[in-house]
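2 protein chains.
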Amino acid sequence: MPFELTILGSSSAIPTSEKYPTAQVLNVHERFFLIDCGEGTQIQMRRLKFKLARFNHIFISHLHGDHYFGLVGLISTLSLLGNKNDIHIYAHSEIKTLIKGQLEFMKSEMAFAIIFHPLNFKKPQILLEDEQITVTSFPVKHSIPTCGFLFEEKQKLPNIKKELIEKYQIPIKNIQVIKEGANFSTENSETIKHSDLTTPPKEPRSYAFCTDTAYYEPVINIVKNVNLLYHESTFQNNKKELAEKTMHSTAQQAATIAKKANVKKLLIGHFSNRYKKPEGFLKEAKSVFPETFLATEGKTFKIK
Amino acid sequence: MPFELTILGSSSAIPTSEKYPTAQVLNVHERFFLIDCGEGTQIQMRRLKFKLARFNHIFISHLHGDHYFGLVGLISTLSLLGNKNDIHIYAHSEIKTLIKGQLEFMKSEMAFAIIFHPLNFKKPQILLEDEQITVTSFPVKHSIPTCGFLFEEKQKLPNIKKELIEKYQIPIKNIQVIKEGANFSTENSETIKHSDLTTPPKEPRSYAFCTDTAYYEPVINIVKNVNLLYHESTFQNNKKELAEKTMHSTAQQAATIAKKANVKKLLIGHFSNRYKKPEGFLKEAKSVFPETFLATEGKTFKIK
Numbered sequence: 000m001p002f003e004l005t006i007l008g009s010s011s012a013i014p015t016s017e018k019y020p021t022a023q024v025l026n027v028h029e030r031f032f033l034i035d036c037g038e039g040t041q042i043q044m045r046r047l048k049f050k051l052a053r054f055n056h057i058f059i060s061h062l063h064g065d066h067y068f069g070l071v072g073l074i075s076t077l078s079l080l081g082n083k084n085d086i087h088i089y090a091h092s093e094i095k096t097l098i099k100g101q102l103e104f105m106k107s108e109m110a111f112a113i114i115f116h117p118l119n120f121k122k123p124q125i126l127l128e129d130e131q132i133t134v135t136s137f138p139v140k141h142s143i144p145t146c147g148f149l150f151e152e153k154q155k156l157p158n159i160k161k162e163l164i165e166k167y168q169i170p171i172k173n174i175q176v177i178k179e180g181a182n183f184s185t186e187n188s189e190t191i192k193h194s195d196l197t198t199p200p201k202e203p204r205s206y207a208f209c210t211d212t213a214y215y216e217p218v219i220n221i222v223k224n225v226n227l228l229y230h231e232s233t234f235q236n237n238k239k240e241l242a243e244k245t246m247h248s249t250a251q252q253a254a255t256i257a258k259k260a261n262v263k264k265l266l267i268g269h270f271s272n273r274y275k276k277p278e279g280f281l282k283e284a285k286s287v288f289p290e291t292f293l294a295t296e297g298k299t300f301k302i303k
Numbered sequence: 000m001p002f003e004l005t006i007l008g009s010s011s012a013i014p015t016s017e018k019y020p021t022a023q024v025l026n027v028h029e030r031f032f033l034i035d036c037g038e039g040t041q042i043q044m045r046r047l048k049f050k051l052a053r054f055n056h057i058f059i060s061h062l063h064g065d066h067y068f069g070l071v072g073l074i075s076t077l078s079l080l081g082n083k084n085d086i087h088i089y090a091h092s093e094i095k096t097l098i099k100g101q102l103e104f105m106k107s108e109m110a111f112a113i114i115f116h117p118l119n120f121k122k123p124q125i126l127l128e129d130e131q132i133t134v135t136s137f138p139v140k141h142s143i144p145t146c147g148f149l150f151e152e153k154q155k156l157p158n159i160k161k162e163l164i165e166k167y168q169i170p171i172k173n174i175q176v177i178k179e180g181a182n183f184s185t186e187n188s189e190t191i192k193h194s195d196l197t198t199p200p201k202e203p204r205s206y207a208f209c210t211d212t213a214y215y216e217p218v219i220n221i222v223k224n225v226n227l228l229y230h231e232s233t234f235q236n237n238k239k240e241l242a243e244k245t246m247h248s249t250a251q252q253a254a255t256i257a258k259k260a261n262v263k264k265l266l267i268g269h270f271s272n273r274y275k276k277p278e279g280f281l282k283e284a285k286s287v288f289p290e291t292f293l294a295t296e297g298k299t300f301k302i303k
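In order, the protein sequence lines correspond to chains A and B. For the first sequence, numbering that gives the first Met the number 0 begins at 0 and goes up steadily by one. For the second sequence, numbering that gives the first Met the number 0 begins at 0 and goes up steadily by one.
Misleading hints may appear alongside valid ones.
Stated by the list, open to error - Chain B stretches covered by chain A per the calculated footprint, using a threshold of three residues with CB under 8 Å from any CB of chain A:
(1) 15-24
(2) 119-132
(3) 271-279
Unchecked claim - Some chain B residues judged to face chain A by a derived CB distance under 8 Å, without partners named:
(4) A12
(5) G39
(6) L293
(7) T295
As the list claims (entries may be wrong) - Below, in silico cross-link-like pairs of lysine-lysine (PhoX-like), each with a Cα-Cα straight-line distance of 25 Å or less:
(8) K275/A / K122/B
(9) K140/A / K106/B
(10) K95/B / K83/A
(11) K192/B / K223/B
(12) K223/A / K275/A
(13) K275/A / K50/B
No lab work stands behind these hints: they were computed from the structure. Glycine residues also receive a C-beta, built at the ideal position from the N, C-alpha and C atoms.
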């Protein structure tokens, strides 16, 4: 089952001729989550062959335009395409006011509801949970209320060894309880231990999105050990003061969070346009955390 | 002095992976006018090397999203770039309500004013007039109130023949009155006629933008003899009923307007995505009006 992240945009503040503002797609078992939605997101979704109708959950980290100006256009297109599925938007409650006028204008022709879920900017909050995944928001530190998002696969039960089902004639009704931890007694009253009957399940995978934020150590615990961490990196170390002032991070700071949180892989993005090429960011981050990659448009990062 | 139109986008309703929604730039003597502003307009402006700070006048034909969803992003970017020039927006008065929430959010950091000029959907109305140009809006026929725009260079005065200024020793103070039609009396009381002293001025150039509209003959008089006419052409003749129902035009209808208005050149665009290639539109229009061209992204049409 796939667990993969695709970068639609990673520009900071202003789109350029090559870079789109922030937007990412996380594919978890063929369920598609949209994370932030800057202007042009729907264009990038089409370009990268995503089916717009597959998106029902949209997570907006904060209300700076480069993270949500594409939302109204996406909703309008979904409406024009005849979408009938409700759309869940996880964002600051204020978003309703901001896009109210435009939504009202479209409403009469929309065959679906938009359900707003307000974010909590004081503490982590579970936004969505089912058998496969948990999505949690967590506050970061920016000039306006801002959340990151953590996507975690659920821990699966161990797998029962198929050849032993046959060998010990295990009835179907026992399989679930064995998976959940029980031993098995054969007809000859022989006890086969749970640990001998099963193989451990695959490690659950996880992705954390640390959008616009100053260097903020409280996130370390939250993103601890994730397979993939995106952490904004608007500046390089030579503009550390500016990063602090604008409540953004440097590449070195992003890498420091990654290192302290013991994540497996780090993506950096949201680079300021003052830097012409992203190589400087990569070099700076890699000197602290070697497993760093650039979150550039169109790239997909698969977690096996 | 240039008089040229650049197409930023010409998709209908929904942007695709290759086509942006409607937006055009008209350059009149190095003054830049933005006509409609679909999502991603600012991205296209950058791609095509337009300087965003040069745009102070934005004309929005109507409030369907594919004609204005890029406006808020453009304003936000102008603000982030430190623009200080007021922005004039010519649009349905309702636009203020639609984007109010988003503008309020940005306002504290904006160093310029946004001045809204409501369009008149009952009759033609001069929106802007100075020594060089007149911009007039005119109603077309669509499912919501919609205007087209006519951009006309002012008729220049005749040019005085330089060699005759010397020959007859014409004082500087007389030049303007001669240009305006006066004859000239030499010291020997010889009268030199205005028509001998001057060469006719260049013909004023004009561009008309007929955005989303059903076939609507009242526009013929308004766009009569323009050098360049853009007329929407969402459908081909095989979908004439659908065109009528949705209040759009076919390629044949666009060409018929061009022919009846005796324009010099026709551009067609806003093609429905149901047609995979635009050649069918061109063929259909050319059969009525041979001087037809496709309004495709990135193309510039210069009027000499």
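Determine which of the earlier numbered hints do not hold for this structure and return their numbers in increasing order. Violated: hints 2, 3, 6, 7, 8, 10, 11, 12.
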